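Visitor: Assemble chain B onto chain A, guided by the hints.
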Amino acid sequence: MRERLLEGVPRQGVILLSALLAVLLLVPAVASDYLLTVGILILYFAYVGQAWNLMMGYAGQLSLGHALYVGLGAYAAAALYVHFGVTPWIGLWAGMAIAAAAGGGIGYLAFRFGVAGVYFAILTIAFAEFARLGFDHWPWVGGSAGLFLPVANFANNDLVNLRGSPTMFYYVMLTMTAAAFVLCHALLRSRAGYYWLAIRESPEAAQALGVDLFRYRMYVVVLSAAMTSLGGVVFAFYYNNLFPEQVFHISRSIELILAPIIGGIGTLFGPLIGAFLLTTLAEALGEAVRAVGIDVPGVKQVFYGVCLLLVVMFLPDGVWPPLAKALKLDRRSADRSSER
Amino acid sequence: MAALLEVVGVSKRFSGLKAVEQVSFNVPEGEIVGLIGPNGAGKTTCFNLIAGVQRPDQGVIKLGGARIDGWRPDQICRAGLARTFQLVKPFAGLTVMENVIVGALNRTNSVRAAQQISGRVIQQLGLEGKRDQRAASLTLPDRKRLEVARALATAPRILLLDEVMAGLRPTETDHMVALFQDLNQRLGLTILMIEHVMRAVMALSRQIVVLHHGQVIAAGAPEAVTRDPAVLECYLGEDAL
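Residue numbers (my numbering), protein chains in the order written: chain A, 46 to 385; chain B, 108 to 348.
No wet-lab data here; the hints were simulated from the structure. Possibly wrong hints are sitting among the right ones.
Straight-line Cα separation of at most 25 Å, DSS-like style, residue types lysine-lysine; simulated pairs [what the hints assert, rightly or not]:
hint, chain 1, residue 1, chain 2, residue 2
1, B, 125, B, 169
2, B, 196, B, 237
3, B, 237, A, 370
4, A, 373, B, 237
Computed from a prediction, not measured in an experiment: that's the story for all the values here.
Excised from the complex, chain A in its bound form (with noise of 0.2 Å):
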């Protein structure tokens, strides 16, 4: 099993994931409430963008409504566990179900229909759209005027309830990046992942090769959806509060595709490192932008803009896929070397 993860990894790279792992565990013992915070933070964007990026890095398919996802997650464990004290475990299980349903429909009307490209990516923002407004208006869920959950004692760590103080939310949080991580290195050498990077490529081509596009295409996208909702159900109980206009908003679908776009789509520690640059990012332009004085509003997010502009023009690959050269981790520069 050990072996067969670690097939085909560069030297370096099982060194450096081994220490990355070990200081992610360490942080909680070391960083302020705030920075934890962060860490968090860090993780749900590089978990929910690792899911994002399974299915437009690796399949091709471009969804702009994974907020719809995150919301049916959050929306079915935090309903479960309002209303009838259900513990988030099992309401996850709820929530991955409906968000693999939505995914599986939406899937479903693309790929019978022949619905492609932007014009998949916009029925996406419909669903997520739909959702929103559905939400909206549905009482036993709060409507817009939202659904609360009972405010954690962070005294106690309650794990099987999911109350309790950021540490142990950033564990969580950890747990779940690091399965994510392996989860999608894992399906990137099965069959699975060979046909969704075929698919991703050429469709006809991989067609002509014995590929099911509508099968591999639904998996991929149910997978996706299911993981997504994931994030959502922890998203919940961290926050305490969820409002349609807030958790479906078309501008959390964006917010969740930017850390594996500027990280590098299609790479497994894309989404980790834009995680970590964006939300590193927002934070200490807040913190920059109230040291020199100039805390206008909306200043923090032209400089971010102006920082993702950049990223985009000099590295449209990303960040990682150059940075793996560099520390010769890339798989095919490895590979290379050792041939000669």
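Guide: Quick look at chain B alone, frame taken from chain A:
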């Protein structure tokens, strides 16, 4: 014995234009058949109909006795028919090896087994030096080879080659011809090839089908076909022989 591939009375029109009309021919098991004809004769449309990219308006296509017209391309591939594209469609962002592995996974669930198959096929096509290069960086002749490698990796019973010799140097053509001869003789691979390079067609085909304006105008042994007056007139020209 029934032919491996049977095309019976197949027609296809594109909004009024008859691309293929009442075309019938057989490809017997273990044979190499050439499909020739001037540009626009309907050769590639024929391939697309056989491979399931398009559905014929009329007619029947059978592979190993089973009707395959109306099937999807991936189903037809799994049934044992692989094809190359005239306008090559490499998985540009993937390495040569990864490209071929996708094909090899048609017959196995195991990526490890697919890697072994791919390694062998890549060697057969003389691409081993470029295994880990991205397909996007390949030259056109190498891309043609990659098309063939991917199709071969699916372990087909019949291989449809759409102008794989075009753009190759004569020595490369000879190499390719030798490869197909070897695959045909050693493994009994059946081949249907569209080809303009007559040197390759004559060397490989035991039977030739000539299409013109979407119809079969001649079929038979290469020597007979190339002397057929109708073929000479429409395709090869008076001074060809």
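Visitor: Are the Cα atoms of residue 196(B) and residue 237(B) separated by 25 Å or less?
Guide: 17 Å, holds
Visitor: Can you confirm whether the C-alpha distance between residue 373(A) and residue 237(B) stays at or below 25 Å?
Guide: It holds: about 20 Å lies between the C-alpha atoms, which stays within 25 Å.
Visitor: Decide if the proposed pair is consistent with the structure: residue 237(B) and residue 370(A), CA atoms, cutoff 25 Å inclusive.
Guide: Within the cut-off at roughly 19 Å; holds.
Visitor: Decide if the proposed pair is consistent with the structure: residue 125(B) and residue 169(B), CA atoms, cutoff 25 Å inclusive.
Guide: 22 Å, holds
This entry satisfies every hint, going by the numbered hints stated previously.
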